[in-house]
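So the chains spell out like this:
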Amino acid sequence: MSGSTPAFVALAAAMAQALAILVGVVLLAAVMTVVERRLLGLWQDRHGPNRVGPAGSLQLVADMIKILFKEDWIPPFADRPLFVLAPVIAMASLLLSFMIIPLTPTWGVADWHIGLLFFFAMAGINVYAVLLGGWSSGNKYALLGAMRATAQTLSYEVFMGLSLMGVVALAGSFNLREIVAAQQGLWFIVPQFLGFCTFLVAGVAVTHRHPFDQPEAEQELADGYHIEYSGMKFGMFFIGEYIGMVLVSALIVTLFFGGWLGPWLPPFAWFALKTGALLVLFVLLRAALPRPRHDHVMSFGWRVCLPLTLINLLVTGAAILWLSPATD
Amino acid sequence: MELAFYASGLVAVLATLRVITSTNPIHALLYLIVSLLAVAMVFFALGAPFAGALEVIVYAGAIMVLFVFVVMMLNLKETVTAQERAWLGPRTWAGPSLLAAVLLVVLIAVLWRGDIGRVIAGDTLTAQAVGTVLFGPWLLVVELAAVLLLAALVTASHVGRSASRPPDDGSDGA
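Chains as they are written, first to last, in this note's numbering: chain V, 1 to 328; chain L, 1 to 174.
Mixed in with the good hints, there may be bad ones.
Now the in silico label distances, taken between C-beta atoms and shown as ranges [as the list claims (entries may be wrong)]: (1) L:Leu144 x V:Met64: 50 to 60 Å; (2) L:Val58 x V:Trp322: 27 to 37 Å; (3) L:Glu143 x V:Pro76: 54 to 64 Å; (4) V:Trp322 x L:Asn24: 52 to 62 Å; (5) V:Phe77 x L:Ala82: 18 to 28 Å; (6) L:Glu143 x V:Ser324: 15 to 25 Å.
Derived by calculation from the structure, the hints in this document are not laboratory data.
Note that the coordinates shown come from a computational prediction; the quantities given were computed from them, not determined experimentally.
We treat Cβ as the ideally placed atom computed from N, Cα and C, and that holds for glycine.
I would like the entire structure built from these sequences, with the hints used as guidance.
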């Protein structure tokens, strides 16, 4: 029985930590679905869901019961294996990305030197969820939604990667812990303000959040790529979107707002506060902005954001070379 | 790490076999994606996570998305499945696989007689090390690749421009 060796204890602690982060993220994403509706109600001067339980606090439970017991219908004209696979990819690829995010100096799942690249890889895989979901449904609206989502995600992923290269160059590492450590003196939002703006736009676009939710525009596409989904499969797409939101918020906090760094409060409190503030910003964006046309979204990405990130990268590189002491 | 290497190598080979034998184009492409992911895992197992991550980002995450995208747009029907099935007859694959088998024997023989002492070690390369090598001794190759990509970009932009219509002035007519 090796139950008490230090290696085993360390292993068990790491696994427990990973599990806690996983459960915490899924729960937070689920809670966000209700928080978002309450906040939208607040900002749009209406009540929002306030009927279930005291002050609407049990709305989440009601939603869960509803979605779990709904009929899980697979259309006869659908490509069955892909139809089932798509929501799994949607949720799993985003959940896996949380592996690289350090919550506090001691909490986090993986400490990799390719950290940020892993997020890009998972974001790349995540495209298939929408693509396969839309195609396998055998529905024209779903296919149109998938088309839009793919074109949009591919375009925005191009400069999403580039927008973070300034941060990577300043920190000298892809490792998120080292990136946080490099922000001891100054958060990267100051020297990398353009990078922050473009990454925020790209993050909203890649998670198909409003105002970049043309793939699921109700008026035009009757819900887009997940129109044929019901029950828990739809739930996985739905929660996946909120997981994406939490993921992008946590990434922005880690990359631009110094992660857990901050005075007085414990590290986790800072991390949670900053992430929460960004989540509220996501909701505010949805509450405040109209939905632009799809071709406007595409041309905005290619004509405004991509040149901005390139300029940012050039200036950052020049500044680093200018300021660094001459070697040899 | 050796186990991971052989396991993902096996997955890559099996998935690639299914790419060839699958009659549904989309399913074949998905197997190709699985194969690419398995190759990325091979890189991880060999201690080159940077190459593995790039493999996923570039091949599985970008190029294959375009493949799947295009095939979906083509709206292929049952005729294609029948065509694929016809191509899988022994008359079609017997010749090429015989030739490929000869090459395989040669490859195995070379590998067998080669440096057998090398084992899969746990040495992990960092992204920094890869970058230093790329922009040090291999700078010329990197620059040439960049020029090639630029040429491809210019070509694509030239081919994609329609001759009948004046170039878009940015005001995207609705």
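Q. Does the hinted range 15 to 25 Å hold for L:Glu143 and V:Ser324 at CB?
A. Since L:Glu143 and V:Ser324 have Cβ atoms about 23 Å apart, the given range 15 to 25 Å holds.
(Q) Can you tell me whether the CB distance of V:Trp322 to L:Asn24 sits inside 52 to 62 Å? (A) holds, 56 Å
Q: Look at the Cβ atoms of V:Phe77 and L:Ala82 and judge whether their distance stays inside 18 to 28 Å.
A: Because 19 Å falls inside the window, the suggested range holds.
Q.
54 to 64 Å was suggested as the range; check whether the CB atoms of L:Glu143 and V:Pro76 agree with it.
A. This hint holds: roughly 55 Å between Cβ atoms.
Q) Falls inside 27 to 37 Å, the C-beta gap from L:Val58 to V:Trp322? A) holds, 31 Å
Q.
Can you tell me whether the CB distance of L:Leu144 to V:Met64 sits inside 50 to 60 Å?
A. The hinted range 50 to 60 Å holds for L:Leu144 and V:Met64, with Cβ atoms some 57 Å apart.
Going down the numbered hints, you'll see the structure goes against none, and every one checks out.
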